Amino acid sequence: FDQETKEKSTYKKDTQVLWLTQENIQKSAYAVLLCSMINPLSIGTCLAKSSLVFHNLLLTMTFYFFMTYQLLPFIVTLCLASSISLYPIVLIAPALLQFSKTDA
Numbered sequence: 001f002d003q004e005t006k007e008k009s010t011y012k013k014d015t016q017v018l019w020l021t022q023e024n025i026q027k028s029a030y031a032v033l034l035c036s037m038i039n040p041l042s043i044g045t046c047l048a049k050s051s052l053v054f055h056n057l058l059l060t061m062t063f064y065f066f067m068t069y070q071l072l073p074f075i076v077t078l079c080l081a082s083s084i085s086l087y088p089i090v091l092i093a094p095a096l097l098q099f100s101k102t103d104a
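Residues in the sequence shown are numbered from 1 upward in steps of one, following our numbering.
Since the hints were derived computationally from the structure, they do not count as laboratory data.
Since this is a predicted model, take the numbers as computed values, not measurements.
Certain hints may be false.
Calculated pairs, PhoX-like style, for lysine-lysine (alpha carbon to alpha carbon, straight line, at most 25 Å) [stated by the list, open to error]:
{"no.": "1", "residue 1": "101", "residue 2": "27"}
{"no.": "2", "residue 1": "101", "residue 2": "6"}
{"no.": "3", "residue 1": "27", "residue 2": "6"}
Computed beta-carbon distance windows for the label pairs [to be verified]:
{"no.": "4", "residue 1": "101", "residue 2": "37", "range": "23 to 31 Å"}
{"no.": "5", "residue 1": "101", "residue 2": "14", "range": "21 to 29 Å"}
{"no.": "6", "residue 1": "99", "residue 2": "37", "range": "18 to 26 Å"}
{"no.": "7", "residue 1": "85", "residue 2": "7", "range": "33 to 41 Å"}
Note that CB positions come from ideal geometry on N, CA and C, so glycine has one too.
Starting from the given sequences, assemble the full structure and let the hints guide the process.
Below, the structure written as structure tokens:
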């Protein structure tokens, strides 16, 4: 986002509709959060096993912090989610790519 902001002067004016804004990032983070929360599979597993409620909550928070470029909360929720299940560890590689591009 920061790199695109710096390079906006070199972009053509007719591409302005496609430019990334802070508002777009926030909207996409909320869309991911909403889709994750209303996923029927997540709801079904939460009803079947009570510990999965906390795992799904932590995983959803991890995705939210990933989408909003918040490094420290992302790491904390990823660690907590990984303590319940090892599956969230696969998010380390995308996180390295995401946060290495920013000055987080």
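We went through each hint and held it up to the structure:
| no. | hint | in the structure |
| --- | --- | --- |
| 1 | 101 with 27 | holds (21 Å) |
| 2 | 101 with 6 | holds (14 Å) |
| 3 | 27 with 6 | holds (22 Å) |
| 4 | 101 with 37: 23 to 31 Å | holds (27 Å) |
| 5 | 101 with 14: 21 to 29 Å | holds (26 Å) |
| 6 | 99 with 37: 18 to 26 Å | holds (24 Å) |
| 7 | 85 with 7: 33 to 41 Å | holds (40 Å) |
No hint from the list above goes unmet by this structure.
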